[in-house]
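Undergrad: Residue strings, one per chain:
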Amino acid sequence: MSDSQDPNRTDRRDFLFKLGTGAGIVAIAAQAGASLRSLVPNVTYDAPTTVKLGPPGEFPDGLKFLPDERVFVFRAGKTFHAISAVCTHLGCTVRAEALSRPEETTVQGQPLRLTHRFMCPCHGSKYSGDGTNVAGPAPKPLAWYRLSVSPDDGQLIVDLADEVDQSFRLTIA
Amino acid sequence: MKFLQKRAQDGPEAPGVHQRRLWSFRPASDREAGDAVVSNLVLHWFPAKIYKPSLAWTYSFWLGTISGALFFLLILSGLPLMFLYIPSVERAYQSVKDIEYVVTFGWWLRAVHRIGAHLMVVSVVLHLARVFFTGAYKNGVGEGQRREWNWVIGVAMLLLTLFLSFTGYLLPWDQLAFWAVTVGTNIASSVPLVGPKIRELLIGGRAIEQATLIRFYVLHIIVLPGALGGLIAYHMWRIRKDGGLAIADGVGVLETARETEAVPSKTYTLLGVATGTAPSVRASSVEASDVTVNAVPDLTRRAMIVILGTFALISILASAIGSPLEEPANALVTPNPAKAPWYFLWLQEIVTDTTIKLGSFTINGAFLGGVILPGVLIALLTFWPWLDRSPRSVTGEWFPRSRRTQNLVFIAITLVIIAFTVVGLFLRGPYWHFYWPWEAWPGIPGRI
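If you read the sequences in order, they're chains D and S. Residue 34 in the working numbering is what sits at position 34 of the first sequence, and the numbering runs on without skipping anything. Residue 56 in the working numbering is what sits at position 56 of the second sequence, and the numbering runs on without skipping anything.
Excised from the complex, chain D in its bound form (with noise of 0.2 angstroms):
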């Protein structure tokens, strides 16, 4: 190679060779980057979390199974409260069994009666009747969630994003 005795044009190529390279270096990544990127959701069309569960007086005494918003509503007389479905450990819907003889406990201060206990098919969780795991897998209790009721049509509400503790009951006059 004669011109590598010329100190300036050996610059010059060595300089195109890394423009070159680099700028495809540069153009992969940014490809890459932006193809891997575009696969993180900015949007997810969830269900909204605030769903109408219909008049307080339609639900029956004892439980409720709701099977769109996975979760089970109590009522006992006047007062409600929602326990959700989804079991803790790997995100199966549990199912409820009655208890041949219900229980009267005390819950956090609040009296419940505990009519059914709770199962997961997928790996054998049991939760008794206020939610809490007891045996199996599960590593915390099933949630608890907010009940309300709608000032517009007097509707019951549940609120799967706002998760209350064992004492909360909604009571209705």
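Watch out, some of these pointers could steer you wrong.
Stretch-level coverage of chain D by chain S, calculated; a stretch enters the list once three of its residues show a Cβ under 8 angstroms from a Cβ in chain S [claimed, not checked]:
1. 38 to 50
2. 136 to 150
Residues of chain S clear of chain D, computed beta-carbon distances all greater than 12 angstroms [to be verified]:
3. Ala56
4. Trp237
5. Lys339
No lab work stands behind these hints: they were computed from the structure. A quick note: this is a predicted structure, and the numbers were derived from the prediction, not measured. Beta carbons: idealized from backbone N, C-alpha and C, even for Gly.
Once you've looked at the hints, dock chain S against the given chain D.
TA: Showing chain S alone in chain D's frame:
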């Protein structure tokens, strides 16, 4: 130079000029055998000469070839299925049902694809076990061998095979698919801090929906097979670079230099293996007719038998064993029991048993059993060649004395995994309760 003189006697043409342009599966001479390898695109990945012990049925059981044949068959059977399957949550189930009950031979194509996929998991695992038991990831006598890296590639290919199978599992969009993927992706979300983000990225949102289906579909038909195909090519190339199968290392070395007959034509082996980083196998041993045979037809014949046998077996099994299709996916009802695919059942069994309570602090079994434990196992598997301190001389030997302890550890872990799989497969009923096979499951209503 000697071979040039010899070549001149072969025919009137100048060196490098071939009399016939065609190659043959039944070569009449060593030269024709070499031509077959050099002039054929597919055969080109074989060496021209191959050590006799490499061809033994009972050394490798040809499990790598079987796995490759199954991969090829899965591509072949997957192609027509791609014309028939519609990756949309509204239509996926119906299109699979059509493939099963309406399309002529659709049920057979689906069965070939399904059984081929299941058996590929089996053959890849058996192949890995064979390589482990023979210590074939060890470097023998050759210089520049990097067999440990081919083992690492192999582990990556095992994971790709499992992930391919898992992504295909969702596509029918039935109950089986939906809940297996619910459980599988929730295991990912049990990782502290980043878990929910990983799950969101995996399923393209917060619920298993259209975004999940199309993600799994694209992964299943393009990304994962492409990656696996690339790794298979690299795997094969590395085998050549490492001097062939590990069992051949022993015969590759001559104790003392010896005269061999002159080779009548150039061989691809000289071109392909005798470069800088290739093992320093003496050409004279490669050429020695008492330890080697021509790849065409000796290797190709056996490879054809294995491939044809694999295809035949799958075709017959597919005619006899139907593919299940459960109810359409229903996010509102979890089947009872909800079981993962069989090759993940040992993990499902483990995530059931590994939730640990330390005082008020609870570690979700999904994280311990679904992430940490398999992670440790995969890491162990990956780095095993660097932990294995047995002598080089036992490379390519079944159950050598010096590797007895590690082989026993491998067998013990395998037996535990098989035991968990059997329990998950046959002994778990509704609510994941334990039932002996002769015990009837209690009647559980399908819905509440």
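Undergrad: Each hint should be assessed against the structure and marked as holding or not.
TA: Outcome of the hint check:
no. : hint       : result
1   : 38 to 50   : holds (count 7)
2   : 136 to 150 : holds (count 5)
3   : Ala56      : holds (45 angstroms)
4   : Trp237     : holds (24 angstroms)
5   : Lys339     : violated (9 angstroms)
The structure fails to meet hint 5 from the earlier list, while all remaining hints are met.
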